Every structure is written in C-alpha cells, then in structure tokens.
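**Q** Each chain, letter by letter, is given below.
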Amino acid sequence: MPRLPVSSSDPRSVPRAAVIPLRVPESDAVLSRALQAGEPWAGAALFDRYATHVRRVLVRVMGPDPEIADLLQDVFVAALASIDRLSDPNALKAWLTRTAIFTARGRIRRRTRWRFLRFVGFDELPDPAAPEVDPEQRQALAAVYRLLAQLPINDRIVFALRVLDGMELADVARACGISVATVKRRVIAAERRFTSLLPSEPSLRGWVKGGAP
Amino acid sequence: MSLSPELREWLRRLGAAEDPHLEGLAPLDEARERFLSTEVSPRGSRKARYFVAAAAAALLGLGAYGLSALYREAPLEARVHGSALLAEAWIDSRAQRLPVAFSDGSEVTLEPESRARIVELGRSGAVMAIESGEVRAQIVPTGRARWRFKAGPYTVRVTGTEFSVRFSPEKDLLRLELRHGSVVVSGCALGEARPLRAGEVLTSSCHDGRFEIARGAVAAKAQPAPKPAEAEPLVPVPLAPGPSPKSPSTTGGGRTPPTAVGPAEWEALARAGEYRKAWARLAGGGFEAECERLDAERLALLADVARFGGSSEQALGALSTLRRRFPGSSAAANAAFAIARIHFDQRGAYADAARWFRTYLKEQPRGPLAREAQGRLMEALVRTGSHAEARSLAAAYLEHNPNGPYARLARSLTKP
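Chains as they are written, first to last, in numbering that gives the first Met the number 0: chain A, 0 to 212; chain B, 0 to 415.
Hints are computed from structural coordinates only; laboratory data are not their basis.
Note that the structure is a prediction, hence the values are computed from the model and not measured.
A hint or two may mislead.
[Unchecked claim] Over 10 Å on every C-beta distance to chain B, these chain A residues come out as not near it, computed from the model: (1) Ala68; (2) Gln136; (3) Ile152.
[Stated by the list, open to error] Using 20 Å as the maximum straight-line C-alpha spacing, the simulated DMTMM-like pairs for lysine to aspartate or glutamate come out as follows: (4) Lys92/A to Glu200/A; (5) Lys414/B to Asp170/A; (6) Lys183/A to Glu8/B; (7) Lys414/B to Glu200/A.
Glycine is no exception: its CB is placed at the ideal position from the N, C-alpha and C atoms.
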C-alpha cells in the first residue's frame, strides 16, 4: 500500500487536492448553540452523536418493535423543533432521552387507543430488533416485554429504564420529568404487577417464588 | 411482592445482552436520511403536527392490504455465480475477481485478495463489511436504495452510485474513488457525515488523523470494468481461510500431501453454497478419511460443510484435525477462531469459546479476525461472569477500536 499523499507541510505534493485538517468533535454546548442557530451541519452531528443512545432508550421502552426506526426519526424531529426550549446547552443527551420517552409514551397510548383499527397483529410483524441475540435470550426478552405491555404505561417506562436498563433513580426521574420519590413508587408498583404476571409466561415461570428459569 | 435480587440481576443482564446487537441494526441509516431530509422549524411544530395527523389519516386510508403488502416485501438476495449467499456470509475472492449480484440489479465486485462480509440484506439495500482489499460497487438508484459499506471505523452510505473502495485494516487506511453519483462517508478523522461528489477521491488515514479529498482525480464516468473470471465458482466462505497469494498452500511448512486432491463431488457442491447437499454426499462415509487427506484450505471448507450441514460435532472434529495437521499456519489460527464461534453460537459454551478466541489472538494478535475475536472474547467473558478480565480487555479494545462494533459493550464494562 503506497504512503498517503497527504502532507499539510508540503501541499505541493498533492496537486489538485484539498487537505482538510482534522475537525475536533464539538462539545454538547457548541452543538446546542449550533442547533439553535440553525447551522446546517448540526442536525447530522446531533443524530450521529446520539442516535444509538436514543434507539436504545426506545427499544427499552417499546421492546422489539417494527416502528423503532420511525420513532427514532420522530424523536430527532421533535427535539429539533423544540430546541429553543433547551435551557442547559450541556444537557443534550438528557433532553433527547426525555424526548424519546415522551415520544414512545405517545406512541403506546395511540396504539392502545386505536387498537381496534390494527390491521396486522404486532406478533406477526418482522422483529427488527436484536436479530443476533441467541434464541433463548430472544424468547426471554419477548416474554419480558409481553409482561411489560400489560403494565400501566408510566409504570412500564420506569421499570424498563430502572430494571432492564439499569439507569440511576435520579436519571430516570430526569428522563421522565418526575420526582425521585415518584420513580420509586412507580418501580415498586411495576415490580409487584410484573411479579404477579410471571406465572402467565411459561418461560419465566421458574422465577415464581424466587426460583430461576 | 417486589423482585428478588436474582431476578432483578437476571433482567438487567438480559437487557445488557441486547445492547451489542442493537449496534448493527439497519434502520439507523434510513431514519438518519429521513430526518436530515425533513424540514424542521421551531415555529412550524404545530403545523407539522397537523401534517402528521393528515398523513396518518391518509395512511389509514391505505387499508389492510397496503400495509400487509408493505410488510411482505422481501429482502434483497445476493448471489455469486448463481448461488445464493447466506446472511453473515464471508466472501473471500482469493486470486480472482468475484462479482456479487443483488436482486435489485446492483453489483459489488471483490477485487483479487479481498475479503468482505454481508452483514445484512434489507428490503432496500444491504450492509457489507469490507474486511480487507478492494471492492467496486455499482448500486442501482431505485429512489429508496439504502446501502452501507463498513470498512473498519469508516462507514460509506450510498443511495445509488458507482465507486470503488479499498481498505487496509493494518493501517486503518481508506481510499474511495467515486465515479458516479454521491456518497456520504463518516468515521475516524472524517468525523460526522462527509459528502463526496462524482470524480472525487478520498484518502483517509485513521492512524494519522488526516484525510484528503482530491477533486477531478478520477474519471467521472466509469470505465467498463474488465470481465470477471468465469472459472471456478467460489462462494460463501463463512469460516474457511483463503490461501495467501504468495504461498498457494497454507499448509504449515509443506505438510500438504504432495498430490493435489481432485475436486470431489461434495467439494463442488460446497463451493456452490449447497452445504446440505454436500453434507449428504459425505454422510455415507469418508468424512474422517477426507479430514486426513485434504490440504488446509479444503479441510476448512469441509468443516464449513459439516457446520452448515448440521453437525457442529464433526465441524469441530475437522477443525481440530486441521490444527493438528497444520500447526502454526494461519489456517490453524483461523480454525481456532472457527472453533470458538461454534462453541459460542451453536453450543452456548462460552468458557470454551473464550479459550479458543484467546488461542486465535495468541497465534494471530494482528490477524484479520483479531478485532472480532477481541469483541467476542469480551462478550464470552461477560457471559461466564469473568467481569474483571472482561473489563481489562474492554479497556484494551477501546484503545485500539474506539468505534469498533463492540465499543458500546466495552464502554459499558469500563464505566466506573
């Protein structure tokens, strides 16, 4: 492989070439200001920096869901549309997490409301999430998400973030826009309900009365 | 009743185990492009909501037939010399040019001595990983084509275009010549999305933290590519190592039997991707004899036949024989990697998998599969509860592969 014909000290060695210096990644504060100023590069930078995180939050809250890609787009559109309301420019990640949770909650509520109009059973749709997770884990995850779907929506969200994702109480509180005490209350309620539903899932029955699967 | 600590821990681990697999999901790119093509205005948000509501109503109007038809749309198919490629197939062009034809009319050709992998076949594109060497791509612009080519830390996003990309994993060096259309390249020194236009040549070195875009350095209209060799069909080689061009036999010091083995029936079927049929030909007997007779490259192919034909036990047998007969060769190291994968993927024997990934890394610390082996070893260690070792491996992994496919897992392990 020949050496790179790149040398900022000797630009003559690269005829008709543009040598572009390495760009230092922008901090959240710089990115926030650029977004608020409508800089053309900022939207892409925001997506590239946080899309993976947002998708993870969405998958945690929604479970394996064929609409994750749509929701992901919705989250970024919503975040950008309300970027002027971001008060702490260093809190972009928390801002997006919160937007993701609100977006997911809205989608779950809409689905519940319009369930009678559902054309295709959600179980029949392709499962785009976690295609490489081993089958046993996938089955267990699917069972867990089926149980979560039976929880009240707010309890389901805090349970997914706190228990499945391992987020700190304070982070869950920030993400959901509620107090730490409310998070605790909802986690307790969700755990009770989740435990009571365990016998309905054959693959999780082993956990009833403190067992293992 | 609240959760028992064991159940809580199990649920947490279940969630964490999902994380590494979220990295490679395709919808991220589609969502990115749709997001970037959406006009977002802070004052227009209410208007946007009305628009979304109207669009939703229109969508409902499509009815059940339209929706189910959408979901029924089949993913692309990839073929080499007429044989369908398996998902996750490794493709090794060895000494010839090897065209991969896709069902949407797109074609990706591996130049000689190149290795690539089909990561995913989607409905409107595919994700390919270029492990080393050069590929030439002609992507048919369908209006909704979504293709990605990954090369080490770099990602090339394509909607419809013609280009060639060469990647050297040893030097983290990328060279992309764009003949037609446009692509967006990201990763390493390039940072966020870097668009390229027809006629531009990008050269980027991760190691030096620099890149160069030369304009007009390549003919904007593609020259007709020379016809690829029609000769022997060489298809998906998920595990089999390729012989080095300079030393045609990877036999570990000339241990190959001096008389070359003629192409057996099973071998022709295997090279055409018909692993089950090939395995059926061997089922009548002769497997052990073949293990002792074949050269390293064919023995690895035989292991693939066993593996994909349905017997991981005999695949392990063939790979162990390969290691015994050709010790110290690169083929033996690749066999160690293959053994590790079988333990990991097919048997869930994570401790054994970890042992064999370590063996590969010991024998080929800078080998073409080293990064993958490090990542898989890390995952195997997590699954066996060896968190301290996993953490120390994670730190080393991040140092050399901050954007690697296992970077998220590594970060989660190194978090204080």
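**Q** A separate judgement is required for each hint: does it hold in the structure or not?
**A** Hint check results:
1. Ala68: violated, 3 Å
2. Gln136: At about 6 Å from chain B, Gln136/A fails to clear the 10 Å cut-off, so the statement is violated.
3. Ile152: holds, 19 Å
4. Lys92/A to Glu200/A: violated, 35 Å
5. Lys414/B to Asp170/A: holds, 16 Å
6. Lys183/A to Glu8/B: Roughly 18 Å separates the two Cα atoms, so the pair holds.
7. Lys414/B to Glu200/A: Given that 20 Å is the threshold and the Cα spacing comes to 34 Å, the pair is violated.
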